[in-house]
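If you're matching positions, the sequence shown starts at 1 in UniProt numbering and goes up one per residue.
Just so you know, the hints here were simulated from the structure itself, not pulled from any lab data. Treat the hints with care, since some could be wrong.
[To be verified] Pairs of lysine to any residue residues, derived as SDA-like cross-links and limited to a Cα-Cα distance of at most 20 angstroms, are as follows:
1. K72 / D51
2. K67 / T41
3. K10 / L26
4. K132 / E91
5. K67 / F57
6. K67 / H47
7. K3 / S33
8. K37 / D77
9. K142 / M66
10. K123 / S64
11. K123 / S143
12. K72 / L56
13. K142 / Y88
14. K42 / L73
15. K72 / S33
16. K72 / K123
17. K42 / K72
18. K3 / F34
[As the list claims (entries may be wrong)] Pairwise CB distance ranges (calculated):
19. A98 / D2: 24 to 30 angstroms
20. R167 / L22: 54 to 60 angstroms
21. E188 / K132: 32 to 38 angstroms
22. L22 / K72: 22 to 28 angstroms
23. M60 / I38: 33 to 39 angstroms
24. E138 / A98: 38 to 44 angstroms
25. L22 / P70: 21 to 27 angstroms
Every residue gets a Cβ at the ideal spot worked out from N, C-alpha and C, and that includes glycine.
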Amino acid sequence: MDKDTYSVVKEKIPEGKTTCGLCSRLRRGTLYSFAEKIGATKIALGHHLDDIVETLFLNMFHGSRMKAMPPKLRSDDGRNIVIRPLTYCREKDLIKYAEHKVFPIIPCNLCGSQENLQRQAIKAMLMEWDKKTPGRVESIFKSLQNVSPSQLADKSLFDFIDLPLERDGDRGEYAYSEAVVSSTNIDESMFIDVTNV
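Could you put the whole structure together from the sequences, leaning on the hints where they help?
This is the structure we're talking about:
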């Protein structure tokens with residue numbers, strides 16, 4: 001497969017502007033077309049756990065949506081299946097493995113090496129978090145596997161308007177009991193007067 005997307009990006013995007021959006025669309029289109037041409041049933045991409053968490057924050061900070069990249073998806077046009085076999089791998093582990101195997105690292109001169117990109121800022125933020133609190137990036141990734149639509153604010157995922165009451169049966173963990181309250185040690189100095197807030 002030989003496709004000159006570089007020239008198209010250079011022609012369409014003014015100098016100093018981010019090329020990522022157009023570049024990724026062109027590459028995706030090229031891959032999808034080639035997959036159909038050769039009869040491939042899957043397209044494997046190299047996104048890893050860090051890419052996915054970075055994408056989540058990029059979409060939240062700059063796109064006002066909670067969206068990342070799933071391990072497997074059907075393309076928007078329904079004609080291709082995309083898989084991400086490295087979804088559960090950290091970038092730092094892949095770097096160590098590549099060094100051990102002496103794999104060549106091929107930098108992208110269009111996106112990864114551009115200065116002042118939003119993705120680079122997110123990457124730096126996550127690296128700082130990872131240093132201060134090891135395991136935080138993994139926890140963020142795991143949160144993508146434990147979504148509670150009723151605890152978010154998307155009306156298309158959960159009906160907040162027509163919430164029914166269900167008062168039959170046991171109250172479970174929310175049951176009120178004088179015995180539990182009287183046996184609980186409460187530091188009254190921590191009380192806050194909220195009457196004038």
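Here is what the structure says about each hint:
1. Restraint check for K72 and D51: satisfied, since their Cα atoms lie roughly 15 angstroms apart, inside the 20 angstroms limit.
2. With a CA separation close to 25 angstroms, the supplied pair K67 and T41 exceeds the 20 angstroms bound.
3. With a C-alpha separation of about 12 angstroms, the suggested pair K10 and L26 falls inside the 20 angstroms cut-off, and the hint holds.
4. Pair hint K132 plus E91 holds up; C-alpha atoms about 18 angstroms apart against a cutoff of 20 angstroms.
5. Of the pairs offered as hints, the one joining K67 and F57 holds, with about 8 angstroms between alpha carbons and a cut-off of 20 angstroms not exceeded.
6. With a C-alpha separation of about 15 angstroms, the suggested pair K67 and H47 falls inside the 20 angstroms cut-off, and the hint holds.
7. For the proposed pair K3 and S33, the alpha carbon gap of about 11 angstroms is at most 20 angstroms, so the pair holds.
8. Between K37 and D77, the direct Cα distance comes to roughly 16 angstroms. Compliance with the 20 angstroms bound is thereby established for this hinted pair.
9. For the hint pairing K142 with M66, the CA-to-CA distance comes to about 14 angstroms; that is within 20 angstroms, so the pair holds.
10. For a cut-off of 20 angstroms, the pair hint linking K123 to S64 stands: about 18 angstroms separates their Cα positions.
11. Of the supplied pair hints, the one linking K123 and S143 holds, its CA atoms being roughly 18 angstroms apart against a limit of 20 angstroms.
12. Distance hint between K72 and L56 is fulfilled; the C-alpha atoms sit about 16 angstroms from each other, no more than 20 angstroms.
13. With a C-alpha separation of about 10 angstroms, the suggested pairing of K142 with Y88 holds against the 20 angstroms cut-off.
14. Proximity of K42 to L73 is assessed by CA-CA distance (about 10 angstroms); at most 20 angstroms being required, the pair is judged to hold.
15. For the given pair, K72 sits about 18 angstroms from S33 by alpha-carbon distance, which is consistent with the 20 angstroms threshold.
16. For the hint pairing K72 with K123, the CA-to-CA distance comes to about 23 angstroms; that exceeds 20 angstroms, so the pair is violated.
17. With a C-alpha separation of about 10 angstroms, the suggested pairing of K42 with K72 holds against the 20 angstroms cut-off.
18. Under the criterion of a C-alpha separation no larger than 20 angstroms, the hint pairing K3 with F34 is consistent with the structure, at around 10 angstroms.
19. Between A98 and D2 the Cβ separation comes to about 25 angstroms, which falls inside the hinted range of 24 to 30 angstroms.
20. One distance hint, 54 to 60 angstroms for the beta-carbon pair R167 and L22, holds here, with the actual separation near 56 angstroms.
21. Take E188 and K132: their Cβ atoms lie about 35 angstroms apart, and the range 32 to 38 angstroms holds.
22. For the pair L22 and K72, the supplied restraint of 22 to 28 angstroms holds, since their beta-carbon distance comes to about 25 angstroms.
23. M60 and I38 have their C-beta atoms about 37 angstroms apart, which keeps the hinted 33 to 39 angstroms range intact.
24. The supplied range of 38 to 44 angstroms is broken by E138 and A98, whose beta-carbon atoms lie about 20 angstroms from each other.
25. At about 23 angstroms, the CB distance of L22 to P70 agrees with the hint of 21 to 27 angstroms.
Of the numbered hints given earlier, the model fails hints 2, 16, 24; all others are met.
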